[in-house]
Amino acid sequence: MNNYREVHLRFTRNGPDSYRVIVLSSPAGNASAPVTLRITESRLLGLHGQISTALLQSKSRDSAIDGEFAQFGDELYETISPPGQVRDILTKSLGVLLSSEEHQQRLRLFLHFDPCDSELAGLAEFPWEVLRIPPISPIGHAALDHRLSIVRSLDVTQPPEPPAFVRPLRVLLVRAGARGHGGLRSESEQESITDALTSITGVKCEFLDMPTRQDLRRGLYSFDPHVLHFMGHGKVDEDTGTGCVYLRDENGESDPLCAQDVAELFSGLSALRLVVLNACQSARGTLSVTGSGSVAGALVSRGVAAVIAMQLCPFGKRA
1 MNNYREVHLR
11 FTRNGPDSYR
21 VIVLSSPAGN
31 ASAPVTLRIT
41 ESRLLGLHGQ
51 ISTALLQSKS
61 RDSAIDGEFA
71 QFGDELYETI
81 SPPGQVRDIL
91 TKSLGVLLSS
101 EEHQQRLRLF
111 LHFDPCDSEL
121 AGLAEFPWEV
131 LRIPPISPIG
141 HAALDHRLSI
151 VRSLDVTQPP
161 EPPAFVRPLR
171 VLLVRAGARG
181 HGGLRSESEQ
191 ESITDALTSI
201 TGVKCEFLDM
211 PTRQDLRRGL
221 YSFDPHVLHF
231 MGHGKVDEDT
241 GTGCVYLRDE
251 NGESDPLCAQ
261 DVAELFSGLS
271 ALRLVVLNAC
281 QSARGTLSVT
291 GSGSVAGALV
301 SRGVAAVIAM
311 QLCPFGKRA
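Those letters in the sequence shown? Residues 1 to 319, by this note's numbering.
To be clear, the hints were calculated from the coordinates, so they are not data collected in a lab.
Keep in mind that this is a model prediction, so the values were computed, not measured.
We put the CB at the ideal spot given by N, CA and C, even for glycine.
Heads up, some of the hints might be wrong.
Here are the in silico distance ranges between beta carbons for each label pair [what the hints assert, rightly or not]: (1) E250 with P134: 52 to 58 Å; (2) P34 with T91: 17 to 23 Å; (3) D239 with R179: 39 to 45 Å; (4) E189 with Y221: 20 to 26 Å; (5) P168 with S42: 21 to 27 Å.
Sequences are here, hints too, so could you generate the full structure?
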């Protein structure tokens with residue numbers, strides 16, 4: 001079995017165009033240091049576009065895009081690891097992954113963000129997956145290293161402890177869609193998940209096909225799932241920073257379920273512990289404890305312990 005060690009980093013403001021990175025906990029101790037933020041919003045938006053283009057053209061390699069990714073990955077390392085005590089601690093913490101005696105050792109890098117701090121909230125939207133860590137893999141990105149896991153952690157008020165888990169594990173699969181929102185291979189995805197789960201004892205699955213908002217509400221509260229897997233379309237409004245996923249209404253037309261709607265819909269679901277959002281841009285949006293930003297952030301703000309979501313759209317632009 002794989003063993004995980006954890007490094008927790010928090011970002012706080014330190015002055016104009018400057019912030020402080022704090023090592024909250026790590027196998028090698030604690031430290032903090034100021035860092036000047038040199039990554040502009042315009043460059044970040046441009047990089048998001050380049051990543052989307054690269055995903056769409058994944059069969060061909062673009063050396064210019066590869067070079068931009070590499071440079072950005074190096075800059076992200078400088079962002080979390082300024083020279084000095086912070087870098088020394090991170091290097092020592094990460095060094096365990098290089099030990100030939102601990103082949104099963106893994107490391108989770110938790111990046112903590114305050115959703116109430118709008119000036120630093122944008123840091124959570126950085127594509128941290130392209131981070132390059134020289135002590136571990138000087139030429140590769142973090143997302144391609146099976147030993148590393150990067151977690152964006154929102155510092156929200158912790159909800160009460162969920163009730164003790166009693167089998168079966170309840171998994172709700174939701175295949176969403178509406179007129180004008182097709183093009184997904186959700187049927188094969190559903191079959192793959194179902195085949196994998198049916199071979200495990202103590203797991204119960206239910207499926208909602210093309211639900212309306214009311215159908216989803218009834219399904220959530222009657223089944224009370226531990227895990228929700230959503231398959232559908234998503235989008236973020238670049239002007240307002242509000243994300244949404246799409247359901248259908250009673251007439252089959254598109255019904256956007258925005259972050260605030262999600263926050264209200266999922267209130268009171270004490271058993272829900274994991275949500276998987278297979279929907280474009282479901283992780284993007286202005287961080288907010290009120291749930292007015294990203295769909296993923298809205299779920300975390302309502303007490304879901306973990307959300308797996310998408311920042312980008314590898315299938316091109318969709319409405």
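query = Okay, which hints does this one fail, numbers in order?
reply = Hints 3 and 5 are the ones this structure does not satisfy, whereas the remaining hints hold.
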